[in-house]
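Novice: Each chain, written out:
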Amino acid sequence: MIVFAQQGVLVGGWEYIYAAYAATWLTLGGYALVLAVRNDPGARWHAWLTRGRANGIGVAGNLALGIVIVFLASNGQAGLIGTQSSGALFVLGLAQIAFALWRATTLLKPLSSEETP
Amino acid sequence: MSAMLGQIAAIARKDLLIEWRSPSRISGLFFFSLALLLMVAFATGASTSILHKIAGGSLWLGVLLASTRSLDLSFSIETDQDALEGLLLWPVDPRAIYYGKAVANTMVLVVVATLLTPLMIAMYDAPIRGNPAIFAGFILFGSAALAAPGTLYALLTTRARAASVLLPVLLFPLVVPALVAASAGTTLVMEGDPMVQAPSWLALLVAFDALHWSLGGLLFGRVLEET
Amino acid sequence: MSGYEFGPIGLFLFVALAAMRSRLPFRWEHGIGVYGLALFLYGQYGGLVIAPPERMMGDVARILYVHVPAAWMTMVMFTWAFVGALGALLWRSKRDWFDHLSEAATEVGVVLGCLLLVLGAIFARPTWGVYWTWDPRLTASAIMVLSFVGVILLRALVAERDVRVLWASTATILAFVNIPITYMAVRWWRSMHQLQSSPDTMSDLYVFFLRVNAWAFLALATWFVVRRWRIAHAQALLDAPPELPPAPSPAAAGGAA
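Protein chains in written order, with the numbering used here: chain R, 2 to 118; chain D, 167 to 393; chain V, 14 to 270.
Pulled out of the complex, with its shape left as it was, chain R reads as follows:
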């Protein structure tokens, strides 16, 4: 948490730093991934990723949401879901991550012949 010491010097604030760096890595990495996928339409892993595009976005979204919730829970932000219990928020985040991973496994079935470019 930020503590404004005297003489206006800031102390702490690491959650902002983490948020900023995470946003940077996700943006750059995500865009690199998008470019890679669009650049190699013949690649098999492209077929995997674009298989049921909504599924892929859903997995990514769930995963991201779960990570964010776990992060917030471990920083005492349980008030976001109207509860005093960080534990509840933490469990919610973990459940999100688990769900995302389960959905991801359903995408990893072998490519059928009509999906392969």
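Derived by calculation from the structure, the hints in this document are not laboratory data. Virtual Cβ for every residue (Gly too), placed ideally from N, Cα, C. Be aware that one or more of the hints could be misleading.
Claimed, not checked - Now the in silico label distances, taken between C-beta atoms and shown as ranges: (1) V/Met-69 with D/Ala-201: 45 to 55 Å; (2) R/Ala-105 with V/Tyr-17: 34 to 44 Å; (3) V/Glu-173 with D/Ala-249: 12 to 22 Å.
Given the coordinates of chain R, work out where chains D and V should sit on it, guided by the hints.
Specialist: Structure of chains D and V alone, referenced to chain R:
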């Protein structure tokens, strides 16, 4: 040079004549902007203390939104019955077409703004305490600032899908400096401008106009020949 | 200042050596991309761990290691987009090459620009207390990103290729010219954004890792642009009308009949 001026005058006259014969455009725009001024008053709770501070800005917001409709219409009269082809077959410098249409669009916006001003003064309790000549200058150069890039982009909307969405999205970020200058300057003039800051805003507006009227002419010629 | 300068040099030599010894065929931009990634990891680690906290802002100043390079690169990208637009309008034989550059740089610029605005908001919250304020630099940046989003929208909504290239170039030129004007106009209002810090007022280590991050962003952005250029090029080839076979000459037709 005088030939080009003659062409510009002819095209501006043509557009304004069409408007004069059936003034649906100007009256439509006027009522649209009037409705907007009313809506702004309701949205901000209609308290006079707030209203007379935002009067200048609301006026320009009204003119800005009216301009998107006006610019759409200025080229739809050309695409109806393929009038644009006729215009292009005429041996005229394409820049003259641009300047003629931009002049006509400016005049339309000036008329709309002028009609709105007394209503704004009354509804928002915002009399013009400063120099009315400077106020008129803002109306003239502000309208010109909206018309110049707007005419250029309006030609585009004859060729793009979702044109009515695209024109504002393209135009609004471009005219932000003009909107800032016109709103700030108008508000200053209405409040009496004790520190004489309005002329600097007017100068910025004139510089903006000079840039976009010349740039527009340059680009329009290039674009029209291939559209 | 300790041996940190050897980091970028060493990484460069390592990547170059690896590239030369690699027997895999790869496109030239991947070399830049890999070096950019290496530099990026080095710079991020330096910014997070090695660099000392700033005197007034404490650790929160570390956000500047990503915010400032993002800002610089956004401007660079939009400048490249402007150059591409000019080239597309003025150099007819290379029109498509320049148009692809413009398209690629605009998209990368918008991605970096959105990141810039988000990072600015994250930085503003602890330092100024608010996520957003209408000071000149922020306002002008938001308008700038919005203008170029409009250009991308324009490209998406115009179907014919020649018209699209022409209009996108026009819109890009207008959007780029608008940046300094908007900034100047909005600057006449109050400003909260800190004045440009000259490197002399900051510690050497801070400046060093800022530069490392900036070059890393540049290398990555270049990689992005080249990759995106290739996509635009491939798309143009795909959209081009099919080549018709040459019409048979009357003599051949007469001879066959």
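Novice: Work down the list of hints and note, for each, if the structure agrees.
Specialist: Hints, verified against the model:
no.	hint	in the structure
1	V/Met-69 with D/Ala-201: 45 to 55 Å	holds (51 Å)
2	R/Ala-105 with V/Tyr-17: 34 to 44 Å	holds (39 Å)
3	V/Glu-173 with D/Ala-249: 12 to 22 Å	holds (21 Å)
Violation of the numbered hints given earlier is absent; every hint is satisfied by the structure.
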